[in-house]
Amino acid sequence: MICCLVAESSTAGTPAVLEAVARACSPRVATYGADAVLFDAGGLGGLFGTPEALALDVQRLAAERDVAVRVAVAVTSTAAWILAHARPGVTVAVHRETDALATLPLAALAMLPEMALAPDAPLRRRRSARARHFRMAPGPDADRSSNVEVRTSKLAIAIIERWGLHTLGELARVPRADLHARLGPIGVRLHQAACGEDATPFVPVEETIRWVERVECEWPIEGLEPLSFVLARICEPLSARLEHADRGAVEVTTRLWLVTRDVHVRTLHLPAPMRDARGLRTLVLLDLESHPPGAGIDVVEVELDVAPGRIVHGSLLARPVPESDQIATLTARLGALMGETRIGAPVLVDTHDERQCAMKRFSPTEPRNPRTSEPRNPGTPEPAGVGALRRFRLPIAARVVVEHHTPVRVMPSARGIPGGAVVACAGPWRSSGYWWALDRSAWDRDEWDVELADGGVYRVARDRTAGGWVIEGAID
Amino acid sequence: MKSTALLRLESLLQEKRFGETVTRSWLPEPGVSAISSGVTVVDRALGGGWRRGEVSELVGARSSGRTSVLLSTLAQATSHGEVVGLVDAVDRFDPVSAAAAGVDLDRVLWVRGPCLTVESARSDRLTEAVHRGLRALDLIVRAGGFAVAALDVADVPSRYLRALPWTTWLRLAHANEGRDTVCLLVGEAPMGKSARGTSIRLDASPQLHQWTGSSPQSRRFAGLEITVSAGTSHPAPRTSHVAHHDLLSRR
Numbered sequence: 001m002i003c004c005l006v007a008e009s010s011t012a013g014t015p016a017v018l019e020a021v022a023r024a025c026s027p028r029v030a031t032y033g034a035d036a037v038l039f040d041a042g043g044l045g046g047l048f049g050t051p052e053a054l055a056l057d058v059q060r061l062a063a064e065r066d067v068a069v070r071v072a073v074a075v076t077s078t079a080a081w082i083l084a085h086a087r088p089g090v091t092v093a094v095h096r097e098t099d100a101l102a103t104l105p106l107a108a109l110a111m112l113p114e115m116a117l118a119p120d121a122p123l124r125r126r127r128s129a130r131a132r133h134f135r136m137a138p139g140p141d142a143d144r145s146s147n148v149e150v151r152t153s154k155l156a157i158a159i160i161e162r163w164g165l166h167t168l169g170e171l172a173r174v175p176r177a178d179l180h181a182r183l184g185p186i187g188v189r190l191h192q193a194a195c196g197e198d199a200t201p202f203v204p205v206e207e208t209i210r211w212v213e214r215v216e217c218e219w220p221i222e223g224l225e226p227l228s229f230v231l232a233r234i235c236e237p238l239s240a241r242l243e244h245a246d247r248g249a250v251e252v253t254t255r256l257w258l259v260t261r262d263v264h265v266r267t268l269h270l271p272a273p274m275r276d277a278r279g280l281r282t283l284v285l286l287d288l289e290s291h292p293p294g295a296g297i298d299v300v301e302v303e304l305d306v307a308p309g310r311i312v313h314g315s316l317l318a319r320p321v322p323e324s325d326q327i328a329t330l331t332a333r334l335g336a337l338m339g340e341t342r343i344g345a346p347v348l349v350d351t352h353d354e355r356q357c358a359m360k361r362f363s364p365t366e367p368r369n370p371r372t373s374e375p376r377n378p379g380t381p382e383p384a385g386v387g388a389l390r391r392f393r394l395p396i397a398a399r400v401v402v403e404h405h406t407p408v409r410v411m412p413s414a415r416g417i418p419g420g421a422v423v424a425c426a427g428p429w430r431s432s433g434y435w436w437a438l439d440r441s442a443w444d445r446d447e448w449d450v451e452l453a454d455g456g457v458y459r460v461a462r463d464r465t466a467g468g469w470v471i472e473g474a475i476d
Numbered sequence: 001m002k003s004t005a006l007l008r009l010e011s012l013l014q015e016k017r018f019g020e021t022v023t024r025s026w027l028p029e030p031g032v033s034a035i036s037s038g039v040t041v042v043d044r045a046l047g048g049g050w051r052r053g054e055v056s057e058l059v060g061a062r063s064s065g066r067t068s069v070l071l072s073t074l075a076q077a078t079s080h081g082e083v084v085g086l087v088d089a090v091d092r093f094d095p096v097s098a099a100a101a102g103v104d105l106d107r108v109l110w111v112r113g114p115c116l117t118v119e120s121a122r123s124d125r126l127t128e129a130v131h132r133g134l135r136a137l138d139l140i141v142r143a144g145g146f147a148v149a150a151l152d153v154a155d156v157p158s159r160y161l162r163a164l165p166w167t168t169w170l171r172l173a174h175a176n177e178g179r180d181t182v183c184l185l186v187g188e189a190p191m192g193k194s195a196r197g198t199s200i201r202l203d204a205s206p207q208l209h210q211w212t213g214s215s216p217q218s219r220r221f222a223g224l225e226i227t228v229s230a231g232t233s234h235p236a237p238r239t240s241h242v243a244h245h246d247l248l249s250r251r
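Chains A and B are the protein sequences, given in the same order.
Read in order, the letters of the first sequence are residues 1 to 476 in our numbering.
Read in order, the letters of the second sequence are residues 1 to 251 in our numbering.
In short, the hints are calculated from the structure, not lab data.
All residues carry an ideal CB built from backbone N, CA and C; glycine is no exception.
It is possible that some hints are incorrect.
As the list claims (entries may be wrong) - Derived Cβ-Cβ restraints for the label pairs, each shown as a range: (1) P157/B <-> V408/A: 24 to 34 Å; (2) E177/B <-> E403/A: 49 to 59 Å; (3) H131/B <-> G309/A: 35 to 45 Å; (4) G309/A <-> E177/B: 58 to 68 Å; (5) H131/B <-> P271/A: 27 to 37 Å; (6) V259/A <-> A34/B: 52 to 62 Å; (7) R122/B <-> V408/A: 25 to 35 Å; (8) R233/A <-> R142/B: 21 to 31 Å.
Turn these sequences into a full structure, and let the hints guide you.
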């Protein structure tokens with residue numbers, strides 16, 4: 001049993017009032033547009049009595065909120081909707097839908113939610129060269145696309161009225177198959193509505209819940225340590241509510257009202273839904289540690305944007321990787337320690353300049369099948385990370401003596417690297433790029449691998465433009 | 001299956017309350033998990049690989065192959081779908097070399113320390129970098145779920161590490177105990193100062209560096225031959241295994 005409320009006149013606050021009235025009666029509510037609400041009235045007999053009493057109570061509840069409404073109660077949503085829109089006051093037609101609808105004019109069908117909310121498309125009709133007028137039935141030479149031409153309810157209702165049908169009762173008596181043959185799916189839908197049948201099941205909409213907790217302090221909070229206790233008081237009930245609703249926070253907004261009447265707002269985007277109170281508190285605190293408020297705090301408010309809880313399916317064959325919330329907490333802690341830009345996963349840059357490197361957010365969430373280790377042939381070399389370079393991000397300037405186009409002696413400017421004669425060397429490997437750029441990103445250089453007398457193997461490079469030498473790293 | 005004599009010896013040591021320190025067999029027991037270093041000779045010295053739940057060391061001089069073995073270890077772990085953490089104390093990690101070594105970069109948590117020229121940096125900045133690196137390593141170890149948590153202080157002079165209180169390493173070993181993480185310290189000299197864990201020392205004398213080709217233009221750095229010594233993480237490692245191994249060059 002469905003009850004439909006339609007506001008007599010719509011104002012800005014009407015949708016909220018209608019929804020509040022509906023939710024006061026039933027938890028299963030569906031809203032349509034700005035002036036209509038449906039709710040499931042099944043099983044409310046114990047509370048309200050008969051359907052007539054329910055309808056009158058609903059009308060009274062709306063009137064108490066200064067909104068005049070039309071109320072209709074029927075077994076189906078479609079019947080309740082049409083009756084509430086077509087008839088003023090209270091209409092109860094439980095198990096009498098066909099009779100109640102029979103006397104209504106065909107124009108009432110234009111009020112159906114899927115019709116009323118559809119864009120009012122212009123009544124364009126693609127006509128064939130031979131047919132210039134509406135036809136009551138497809139002619140012998142009509143192609144199959146003629147059914148598709150009827151796309152709006154207004155056009156379909158106009159066609160039905162041309163057939164001499166004026167009420168829903170008259171339309172309900174027409175065979176449905178014939179309507180489908182002439183008007184297509186929209187004809188079937190109109191026939192269903194005339195009979196008071198639903199095309200789709202009733203789908204309730206969940207109530208919009210604000211996931212917010214707020215604490216007003218008697219004395220201003222100075223420092224993060226006392227704030228952590230307040231945040232614990234806020235995060236624990238939020239976590240319990242999330243657990244109860246099987247939700248997880250994906251965004252945390254912290255608002256701090258300061259004694260200076262400023263509002264310090266911080267928003268954290270979480271990589272995965274979280275509901276652990278300690279984790280949430282730690283993340284908020286770490287964020288505030290790196291972006292502290294400028295004065296004492298009067299009011300603390302934490303608001304969450306939530307998403308459905310995660311279902312994690314572990315593997316029996318691979319070792320578990322850290323959970324997303326664990327990684328979020330860890331990277332936040334590491335970011336507070338080392339700097340947010342110093343944490344992440346390394347990324348190769350698409351360039352021939354091997355000095356370039358980049359980072360991205362560390363999120364190894366994608367499960368990966370472990371590579372099966374194959375027995376290695378003793379004769380083949382191991383695929384170890386060999387000849388690995390330890391790159392000096394700040395290259396060390398050096399003086400290099402060159403004889404016969406080959407470095408023979410390296411004298412670094414830094415005291416930590418003992419210079420000396422070159423025992424062996426290989427090179428040069430020449431590379432250049434960005435020569436077309438106007439800024440200083442262009443490079444043109446020769447690289448050498450040199451082994452010095454102390455046993456260290458280094459990579460040195462000569463800038464062919466400026467002529468200077470640098471030590472770029474050590475091969476280890 | 002342990003021999004009867006070994007079981008009897010362990011039970012005797014446990015009676016003397018030495019059970020926690022010296023009864024651990026040198027070779028990994030069946031069922032004890034280890035991560036291969038990817039280098040046969042190192043694995044052989046380790047008795048199968050780096051043992052999880054322990055703090056191990058990889059030490060040696062510059063150009064002795066420490067970074068190559070570290071990257072090989074990371075490659076082994078990531079190739080099995082595990083994630084690794086690398087605390088790069090003075091920002092010397094080269095992603096190009098790592099990718100060439102087979103490391104799955106998406107599964108590496110790279111924690112970059114300050115960008116310092118260690119060779120000429122002020123001592124207070126180096127000390128701060130080491131302290132931060134240790135705290136970052138501790139956070140990664142305690143977070144759990146990482147196959148390898150490595151601290152790369154290979155370019156930091158050993159005097160900065162010797163200046164750390166000895167309880168630092170004990171605390172780290174305690175934090176990692178019972179976890180599935182290999183805590184790996186990469187440095188110039190032994191630093192663990194703990195009876196637990198394994199210390200691998202790499203030596204690559206200049207005579208063992210291999211170059212091919214006759215002229216500089218055709219020559220290439222072909223690799224280095226390393227000498228592996230394994231022992232406990234004590235400052236004076238007991239050499240238990242010495243072997244030579246070739247590490248081939250990328251170029």
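These are the hints, each one checked on the structure:
1. P157/B <-> V408/A: 24 to 34 Å: Because 29 Å falls inside the window, the suggested range holds.
2. E177/B <-> E403/A: 49 to 59 Å: holds (57 Å)
3. H131/B <-> G309/A: 35 to 45 Å: holds (39 Å)
4. G309/A <-> E177/B: 58 to 68 Å: violated (33 Å)
5. H131/B <-> P271/A: 27 to 37 Å: holds (29 Å)
6. V259/A <-> A34/B: 52 to 62 Å: For V259/A and A34/B the Cβ distance comes to about 58 Å; the hint holds.
7. R122/B <-> V408/A: 25 to 35 Å: Given range 25 to 35 Å: holds, Cβ gap about 33 Å.
8. R233/A <-> R142/B: 21 to 31 Å: holds (26 Å)
Taken one by one, the earlier hints fail for this structure only at number 4.
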